[in-house]
Each structure stands twice: as C-alpha cells, then as structure tokens.
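Chemist: Take a look at the letters that make up each chain.
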Amino acid sequence: MGVVVTSPQFKDNARQAMADAPLQRALGHVRKNFIERRAAAAAGLPEFEALRDSARDIKNHTLAHLDLYLEEWERKVLAAGGHVHWARNAAEANRAIVDICKARGAKTVTKGKSMISEEIGLNDALAAAGVAAIETDLGEYIIQLRGEHPSHIIAPAVHLNKDQVESDFRRVHTHLPKERDLAEPTALLAEARAVLRQKFIEADVGITGANFLVAETGSSVIVTNEGNGDLTQTLPKVHVVIASIEKITPTMEDVAQLLRVLARSATGQEMSVYTTFSTGPRRPGDPDGPQEYHVVVLDNGRSSMLGGDFEDMLRCIRCGACMNHCPVYHAVGGHAYGWVYPGPMGSVLTPTLIGVDKAGHLPNASTFCGRCESVCPVRIPLPKMMRHWREREFERNLSPAALRSGLKLWAFFARRPALYRLATRLSTKALHLMGRTKGRFAKMPLASGWTDHRDLAAPQADTFQALWKQRRETR
Amino acid sequence: MTARDDILANIRRARGVAGGEAPRRAAVEERLARAPTGIIPARARGDAAHRLALFRARVEAASASFATVADAAAAPDEIARYLRDANLPATLRMGADPRLAALPWAGTAIEIARGASDGHDLNAVSFAFAGIAETGTLALVSGPDNPTTLNFLPDNHIVLIEAADVVADMETVWARLRERFGKGALPRVLNLVTGPSRSADIEQTLLLGAHGPRRLHVVLVGAGEIGRQD
Chain P
1 MGVVVTSPQF KDNARQAMAD APLQRALGHV RKNFIERRAA AAAGLPEFEA LRDSARDIKN
61 HTLAHLDLYL EEWERKVLAA GGHVHWARNA AEANRAIVDI CKARGAKTVT KGKSMISEEI
121 GLNDALAAAG VAAIETDLGE YIIQLRGEHP SHIIAPAVHL NKDQVESDFR RVHTHLPKER
181 DLAEPTALLA EARAVLRQKF IEADVGITGA NFLVAETGSS VIVTNEGNGD LTQTLPKVHV
241 VIASIEKITP TMEDVAQLLR VLARSATGQE MSVYTTFSTG PRRPGDPDGP QEYHVVVLDN
301 GRSSMLGGDF EDMLRCIRCG ACMNHCPVYH AVGGHAYGWV YPGPMGSVLT PTLIGVDKAG
361 HLPNASTFCG RCESVCPVRI PLPKMMRHWR EREFERNLSP AALRSGLKLW AFFARRPALY
421 RLATRLSTKA LHLMGRTKGR FAKMPLASGW TDHRDLAAPQ ADTFQALWKQ RRETR
Chain Z
476 MTARDDILAN IRRARGVAGG EAPRRAAVEE RLARAPTGII PARARGDAAH RLALFRARVE
536 AASASFATVA DAAAAPDEIA RYLRDANLPA TLRMGADPRL AALPWAGTAI EIARGASDGH
596 DLNAVSFAFA GIAETGTLAL VSGPDNPTTL NFLPDNHIVL IEAADVVADM ETVWARLRER
656 FGKGALPRVL NLVTGPSRSA DIEQTLLLGA HGPRRLHVVL VGAGEIGRQD
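Top line first, the protein sequences correspond to chains P and Z.
Everything in the first sequence is counted per the working numbering, starting at 1 for the first residue and increasing by one.
Everything in the second sequence is counted per the working numbering, starting at 476 for the first residue and increasing by one.
Hints are supplied without guarantee of correctness; some may be wrong.
Chain Z is nowhere near these chain P residues, computed Cβ spacing over 12 angstroms in every case [what the hints assert, rightly or not]:
1) Q16
2) A26
3) P46
4) L70
5) T108
6) K162
7) R171
8) H173
9) L176
10) I245
11) P250
12) K408
13) A430
14) T437
With beta-carbon atoms standing in for the labels, derived distance ranges [stated by the list, open to error]:
15) Z:R651 with P:P284: 47 to 55 angstroms
16) P:A19 with Z:G494: 47 to 55 angstroms
17) Z:G494 with P:G370: 36 to 44 angstroms
Calculated from the structure, these hints are not laboratory results.
Beta carbons are placed, not taken as given, at the ideal position from N, Cα and C, and that holds for glycine.
Isolated chain Z, as found in the complex:
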C-alpha cells in the first residue's frame, strides 16, 4: 500500500466511512462550488469615500506611508518626490505592466530598470491587483507585469493602486481573482502585503525591515484627496 492510500485509509477508518458516500461528497462539492463567505466585519461596509479613508488609515497603522495623486500621469512626480525626501537615489526597477510603461517617467530624473530583481536594487515600483480597506492590505499577483521579487528584495517598495481597485474585504478580492483567473485557479503567487517587513524576535521589540522592504509607500491613483479617518 502506498503512503497515500495508507493515510487516506487511516482517515476513513477513524471516521468510520468508506470515502465514496454520496452525502459526504455532495457536502464537499457544494462547499467548493459555492464557497460560502462566513462572517465579514462590518467596518469596511459603506461607500467609496468611507472605503478609501479606511484603507488609508489601515495602511498608515501598518507603518506604511501613503500619498494620493489625481491621475496616473502624476505618479512619477510623486515617486520622485518620495525618493528625494527619503534621501534615496533616483533609481527604480519595475516590471512590464503596461500601466507603468505608459507613465511619463521622462519628466523625472529617475533612472529606470526593468524586469525581475537579482537583489541589487534599492527601489522598486509595482501596480497592485487590489487593495483591501478592512486591513490596509495590498494584493499583488505574480507574472511579467509585476515580478514577485520586486515585492521582497528592494529596500524600498512603492506600490501604485487605482482607487477603483480598493475593495472592502478579502472576499471581494477573491471574487475579482476568480473573474480574472477562473474559478479554482490562482496566479502562481498572490501576495497580500500589509505594511513593510518587520520582526519582533529580539526581546519582543518590533523593528521594521527584517528581510523584506524596510519601507512601503502606497500611492493611491485617481481618488482626489482622502481624508484621514480617526
């Protein structure tokens, strides 16, 4: 008997089932097909203004910085300002996302590099797939547009997100993923990122910048000015 068959047989023996019982199979198929949502906290419920204000508040609570730009064309200037204010060199790595390629980088002094990171980049920019207002979380998906290495190797990670892509909760992101990638399928990697890297392993003292980015800067595109929410 293979290990696989043995383990499954053990489970079935302990459960007192044969495995093929129709009601059990139906229960499993139903749950996988319907994916019931369970309890979704009320805090992110509301209109777009509430959602964006909550998103901003949670992003900042997670020790990331936050800026808004009126439209995507204003993003390069905001990124140049961010790098300058943080005394960082004007370099930036990015993937092949057409939304990034279309931006007027030439109007800034930023030196652009493209493709995955080999660990020698200080700064990178990605476009998020979605943002989650409930917790100030960014959802990023792997692929040539926004390589996964950019989320982890550079010291400073800048993430652009469209206001229309900031949703209330994880469940809404799941629905959008199913729409894009199909039911039961995901991109190779889905990263949910909430703030910059940190560790509390030394005396329970929280320190930013463990192995991933030391700084995370979120730039919200096309929302107008977002009020701080208290």
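So here's chain P without its partners, still in its complex pose:
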C-alpha cells in the first residue's frame, strides 16, 4: 500500500534519473534557487546560528521528556473538545482516519500537504474504503493527477517542468475550453485555484499534517504558503490532523524558536505566509470552522529510535535543506531514493522505517561532503548517522561480496604496517613507471568503476608516507 518501495533498486533508479533530460532540467531549479534563497535568509539574521543551537536544544529536551509532553498535549486537546487517536503503525492510523470518514458518510476529503500521510499510504486506504482524497497543495495536486509521489518533502513536484503540468491539466480538466492559453505558470496556477476552490467547499472532511503539536495549549500548527491547508481545515465539518509523535513541542515560545529557523532553511522566507495554530473544534458563537477536531498521533517505529544511534534524526523539522544542498539529490532527484523521504534525511530515516535490508543503498548514496549537516536547522549529524548505517549493513553481511573481500584484503595489509608500506611503495612505483609518458591511465584492471568515467592520474614516484619521511630527513 502507498508508495511502492524501489529503494533496493537505487542504483538502477539513479542511472535512469541521470539519463532523464526533463528531470535534469527541473533539478537545475533546486540547485540554484533553494541554495541562494537560504543563504540570503541566513545572512539576513545575525542570530541565525544561535537560533539553530536553540532549536536543537529544544528538540533534545523534548525527546528526553517525550512521554510526559505527549500526555500533557493530549490533556489539552481533550480539554479543548478535540479527540486523540493513538496509532502504533500505518495500519492503525489509516483505520482511525477511514473510520472517522465512514462514520460521517464522507465521500470526498480534501488534504493539505502531509508527508506522514504519504508514509502511511493514506490515499490508497481511503480509496479502498470508497472515499476520494483530493490533494490541494499545488505541487501535490499536480503529482496526484500524474499518479506519482512527491520527489521532495516541501516541493513535491520539483521534478517536473511547466510543459508537463500543462499537458496534465489539459488531459484532466476536460470541462475547460481546449483552446485556452496555459503557456504561463500564472495561467496554470489560476486554473488549479478555480478547480480546487469548488473541492474545498464540497469536501466532507479535511485532513492536514502538522509541523508542531504544542503541549502547552493542545494546538496543532501548520506552516504553508498557499493557504490550501487553512481552507482544508476550515471549511469541512471535520478536521483530522495526522502527525507523528516527535512533532510535540513544549511551549509557544519553543514554537517561535523553531519557526525562526524553519522557513529560512526551507524556502529562504523569514516566515511562511500562513502559520496557523488550531485548538479544538468550533466554539460557541464561532461563525465558521470544523465541528469536530481529531488528531491521529503516529509512532510507526519512532519510539524505538529513542536512546539509540538514530535518536538525533527525531529532531528533524522537515525543512528540506539537506536535500536542497545535496550533490547526490541534485544529480538523481527524489524518486531515485525509492520511498517517501529522499535526500540525506531520507537516507538516514528510510532504513529505520522500512529496514536496512531494503534501504541499505541509501546511506551509501553520499559523498560525505557534509553540506547537509552544515545547513540543518537542528544540527542533525546526518553524515555520522549514514556511517552508522554503513557499519550495520556491513555487520549484517548486506554489502556486496566484492566490497567485503576487498575490505578484508585491505585489512590484512593495514594490520601489517611494514608489509603495507612495502606493497604500496612497490605498486606506486610500478604505476609511476607505467604511466610516466602520458601521466594518466584511460583504463586499468579492477578500476573500471573509476576509469569508465574519467582518467586515473598516474602517481608520483613514491608514496605519500615515503615522500613525507624524505622531506623531514632532508630538512
């Protein structure tokens, strides 16, 4: 159900993605826009680095007391007249939401953008129960029309170009005149706005995610730019929030700290356009708003991450900065990662959620350049955690045989320093002699992984260690 896992085929996915010309064109926008905008936003706030520390500390404090803050948050939701549904896994979360929809005879639900709903495969579960789910975020709407899944956690259709969107709108919006002009992005936006406006008004249930759940007040918080999340939760009779347990944030002040790094890291805005705190259902005298307010709070393996090597990952606030700055993401895009969460955060999170046996390639899809960690607003040590996964993959004999025997061979020499020095000196000298005319090799046995794509430089006359020693002796 939900996203079909293709993470085990990461290498094939990546190869295909790199040969996909429209995808490569679309990825150019990520490389340029996201990086420049975040850099400008960070430079525009002298306190930005200190706020990153503050955000990290708030998340660490919350994770250390997660059980107590969850209990406090639940008390507050109930006091405001809301309902809380606890879900251990995807199946329980889907069942809770389907039950709410069925009990109210819902035929259509509108949805704000929610990565958790992708994680649990909510749309398929609703469809199986005869409930049509309509994505209302522009990017989500576009990819729903195409039967695709998000390729980015905050820009779900970032892998597409506008001509692709135009042809999808012409294919699906058949009630509109054929000769209409959709050449400009503004025309596409206006058309989506008009089509979805009616859906907002007709929907029986509105489902949103949450960026934060506030323990102090029992509120859920969504952060959006389009306003679709607000229409989704304001117009229908029932508002359902789906959120995972680590979204808990102690106080309003803590939310303010996190908001100051969230939008800046994500889109380079100081604040997203709409930051909305929702607390319970419609109150006496309210002329609008939902009559019921439900929160489905999901674990799905997260509680098991506490206290272990991957706890730091639970600080993630889903800004997308790590993928926006990742050379691997820039090269292959989000779909190659083969599940819901792409980029560096996905490479760490996906193995914990679907298993390292399926997602073992992802932590290997890194150059360890460290840009992800250098921009993470909550300072998650992403490269370190990818290394943890590589170690586990090795321990569980999941890495390929050639790699394992190569490492064993290397280890044999590495444990015998004199032999290691002798062997490397001999091979370095041999390569130097062989390559002295051209200074490089176009082909080399056992090194085709390198030489198929570029020349291998011929080494200098001796090893680094030997040259170093010589230099010190001559001084």
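Assemble chain Z onto chain P, guided by the hints.
Modeler: Here is chain Z on its own, set in the frame of chain P:
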C-alpha cells in the same frame, strides 16, 4: 494494551525511565509554567517609531501593500480608495468586530456584507489582534468578530491594525494572547499571516494568489506617517 499505553511504554523503555520520576516531571512542569523565551532577534528592539517602520518594511517585503490612516474613522475612505485604485468592485465583507461596526461606512459607496464567507466574496476586511514588526506578520484570531474564512476565501484581504497593537516579536503576541485567553489556552484558530498567498510549485517560480488572497492590504491606524525603512 491500548496503542496509547503501548507507545508511551515504548518511549519509556527506550529512555530507561518509568515515567513518574519527580525530576523529569518537575523539568516538564517548569518549562510549561515558565515558557522560557530563548533567542529573540535584536532587529525589532527599539522605540515605537523603529518598530512601526520595521513593520512597514517587512510587510512590503512580503509583497503586501501598506497604508496609514490618522484614526480609525479615516479607514473606510482609505479602503474605498484602495478598491477603486485596484479596479475592484465596492463590496466588502466583515465580521461583527465592534471596532469595524463603529466606522463611518455610510460616507463611502461600499456595499457591506456581514458574517463568515461562503467563497463568493471578492473583498473582506478584518481587524488584526496584533502585528509583528520582526517579520511584518499579522496575528488574527477566530470568532464572530473576525471570522477565519475572511482570511482565506476572498481574493482581496484588507487588514486594519492599531499602531499600539504592533509589537516587536512573536513572544510579545504570546504574552498578549495569555492575557486575553488565559495561560495555556488559545482561541480556536490563531492565524499568523505574512503577505498574500503564493506558490513556487511550478519550476520554483514564485507566483502570488495560490489558494488564499491574491492581494493583502495592511492599513495601520493611528500612527501618523511611517517613514520607509531601508
């Protein structure tokens, strides 16, 4: 075991705690009671003139338009001018806020509708609960006075704000909310709005007017002329 008990037990097992330990409970209670403020950017610190100038600059940076009126009684004329200049019909929906009801609408040609929106209104006006100078953000609260639907359904949203309600930062808004609604309580909806609706989902090109208002016009009441801040 219910899912709730199971999840909480899992968390406690992973943490190596029982849940009831006094120091942990005390840490949580203390944080909830005291709500420490953390780091507040210095940029909004200063006197009222600085705060209002920064507010104006940030509102305009977020692609909203901005006007000032000497007192609330001058607001209907400013709104009529705004609608006329934007070639919009002279219609306006508003909630039951007594501050809006008291204004001299009869002096303009604007046709007034009252109550929540059903999606068929072009223009609406709301009174903000507060403004945040740090980011040019408006804070609006739900209820009959200023229905939430007015913030999102109409194409053009006009928001009035008293100069005295423009504060430095979010933390000051939180303090005012606690004063009004009580500690640990919020109105059903608190909207923080920074500029008009937008999307960059098509080729990362930023376009205004995605699902919410295409235009946001902020009218500051009772501040005199606010200088542009560069």
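Chemist: All hints are to be evaluated individually against the structure, with a verdict given for each.
Modeler: Status of each hint after checking the structure:
| no. | hint | result |
| --- | --- | --- |
| 1 | Q16 | holds, 22 angstroms |
| 2 | A26 | violated, 7 angstroms |
| 3 | P46 | violated, 7 angstroms |
| 4 | L70 | violated, 7 angstroms |
| 5 | T108 | holds, 16 angstroms |
| 6 | K162 | violated, 5 angstroms |
| 7 | R171 | holds, 16 angstroms |
| 8 | H173 | holds, 15 angstroms |
| 9 | L176 | holds, 18 angstroms |
| 10 | I245 | violated, 7 angstroms |
| 11 | P250 | violated, 5 angstroms |
| 12 | K408 | holds, 35 angstroms |
| 13 | A430 | holds, 51 angstroms |
| 14 | T437 | holds, 49 angstroms |
| 15 | Z:R651 with P:P284: 47 to 55 angstroms | violated, 23 angstroms |
| 16 | P:A19 with Z:G494: 47 to 55 angstroms | holds, 54 angstroms |
| 17 | Z:G494 with P:G370: 36 to 44 angstroms | holds, 38 angstroms |
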